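Asks: Single-letter residue listing:
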Amino acid sequence: MADLQTDGQPKRAKQFYPDYLAEILFAALVAFQLLLIVAMLWPPSTGRAIDLTRQFLPRAEWYFFWLFEVLLYFPGKSAFIGAVVFPLVYFMLLMFIPFIDQGRNGRFKAKIVAWSLLFLFVFFTILRVLRDTWPNLFS
Amino acid sequence: MGKLFDRFDARFHVRRPHKRFLQRRIPEGLNYTYCFGGLALTFFIVLAVTGLMLSVYYIPSEKEAYRSILVINDEIFLGWLVRSLHKWAASFFIVMIILHTIRVFVTRSYRPPRELNWIVGCCTFLVAMASAFTGYLLTWDQRAYWATEVGTAMIQTIPLIGDHLMYAVRGSAEISGKTLIRFYSIHVLFLPLCMGFLMWMHFHMVKRQGIARRL
Amino acid sequence: MGRREFLKKAIIACSALCIAALGAIGAFLYPARTGRRKQQFVYLMEEEDLPRRGVRMVTFSMRSEEQDVVKVNRVFVVGGERGITAFSPVCTHLGCFVNWDANKKTFICPCHGGKFNINGEVIGGPPPAPLKKLPLHIENDKVYVGGKV
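Protein sequence lines correspond, in order, to chains A, B and C. First residue of the first sequence: 1, per our numbering; consecutive thereafter. First residue of the second sequence: 1, per our numbering; consecutive thereafter. First residue of the third sequence: 1, per our numbering; consecutive thereafter.
Honestly, the hints are just simulated from the structure, not real lab data. Worth double-checking, as some hints may not be accurate.
Under the rule of at most 30 Å between Cα atoms (straight-line distance), these lysine-lysine pairs were calculated in the DSS-like manner [claimed, not checked]: (1) C:Lys133 <-> A:Lys77; (2) B:Lys63 <-> C:Lys71; (3) B:Lys178 <-> C:Lys133; (4) C:Lys71 <-> B:Lys178.
Since this is a predicted model, take the numbers as computed values, not measurements.
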C-alpha cells in the first residue's frame, strides 16, 4: 500500500479537514497581511477632475497594457482585428485548451497554445511598460 | 461542536452533507502552488467586503462622483485604506487567477472530467477583467475618463453594429453621467452576481470531482 | 389533450416567453435615443483672434440641456491657404484627444501615436480617417462653432 510508511505504521490519508484547510487558511492569512501592507504603503492617488481642455495621456491598469499595446499594430480599418478579433481569439483559445489537448500529440499542441498565450500577454505588457518609461525608445 | 450549533444544525442540516466534503481525502504531493485558487478567493472576499463598504459613500452621479471619491479618501475614517485595499486586491486577484491558471495547466488538471471547470474558470477570468474595466471608470477622474474612452471605442471598430453596441455600452454617444451609472450598476450588481454564480459552479465541481492527482 | 401533450406545449410556450423576455430586457437596457441630436452653434472666439496662419487651440463651453451640466471642450482652429478650418480634437482611431506639435507641424495622438498634418489628413499611425471638421459660423465679428448636443 502506498499509504504505508517505512516503519509499517499506516499513515492517515490527508484530509481536507483539518490538514488541507489549515494550509489554505495559513496561506490566505499571509496573503491578506501582504495585501494590507502593500495597501498601506502605496494608497492610490486621487486623479484630477475630468477636464477635456487639458492634455492627458491615457493609461490603463497594468492588466490591460497588453491590449493597449496590440492596438498599435493595426492601422486604419484593421483596428477591428486588434480591438475585437485578437482578444476574442485569445480568449477562445484559452477556453478550448482542454479540447486542443486530445489525440496523440494533444498535450504538445496544448503546450504550444498555452505558452504562446502567456508569452503574448507578458511580451506586450513589457513592451507597453518600456514604451511608457522611454517614449522615444521605438521611434 | 457545542449545544448551540446542535440546535442550529437541527434546523439547517448542514453537518451531515458537509462531513463528506470536509473529510474527503486529498491526494499526496500537493504543494503550495495549489493555494493560488484559494488565494484568489481570499482576494475576492476582500474585494466584496471593501466594495460593500465603499458603496455606502460613493455617489454614482456625474456631478458628485469625483467629489465623493475625495470625501472617501480624505474625510471618512480609514476611507483611504478601504479604497487602497479594494484597488490592490483587484490587482492581486488577477495575478492569482493567472497563477492558478498556469498551475492547472502545468498539472494538466483541465482534462476530462474537469474540462467544464476549466471553461467556468475562464469565464471567471473574463468577469474579473470586466469588473476591473467597469470599476476603473467609477473614480470619474481624467485617468478613468480616457481609459474608458479608449476601451469603449474599441467596440465601435466592429463593422456594421459597432456604433450601436458602443452606444448601448456607453448609454449615450459620449461618455457621460449615463455611462457612469451604467458602469456602476454593472460593476456592483451584474458582475458580482455572475461572479458568485460562476464561483459556486467552480467550487461545486472541485468538491464533486476532487482535486486532480499530480502527474 | 393528454397530460404529457399539455406539458410539452407548456414547456414550448414557456421557452418562447423566456426568449421574448430576453428581447424585452435587451430593448429595455438599450439606451433611449433622445431624438436626433441637434446641431448647435456656440460662441467660440472673436473674429479678430482667428489665426491667419497656424494652429490655435480654443476652449469653449457647451450646455447639455438634457443632463443639465456644462461641458467644456476644445477645438483646433487652423488658418492657412485654404482659409479657416476648425478641427475636432477627437482622434479618429479610438477617441483620444490629439495635441498640436508646433515643431513637427503635426497633430499627435498620445494614445497610439496617430499623426495628422495641418489639414487634418492622416500621415502616420493607426487612425482610419482624417480629423473631423467642425462647421464655423461668423456673425457680427464673433465666431461660432457647431457641435451636436
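Asks: So, for every hint listed, does it hold in this structure?
Replies: We went through each hint and held it up to the structure:
Restraint check for Lys133 (chain C) and Lys77 (chain A): satisfied, since their Cα atoms lie roughly 20 Å apart, inside the 30 Å limit. At roughly 11 Å between alpha-carbon atoms, Lys63 (chain B) and Lys71 (chain C) fall within 30 Å of each other, so this suggested pair holds. Only pairs whose Cα atoms come within 30 Å are accepted, and Lys178 (chain B) paired with Lys133 (chain C) is accepted, the gap being roughly 27 Å. A C-alpha spacing of about 14 Å is found between Lys71 (chain C) and Lys178 (chain B), which places the hinted pair at or below 30 Å, so the restraint holds.
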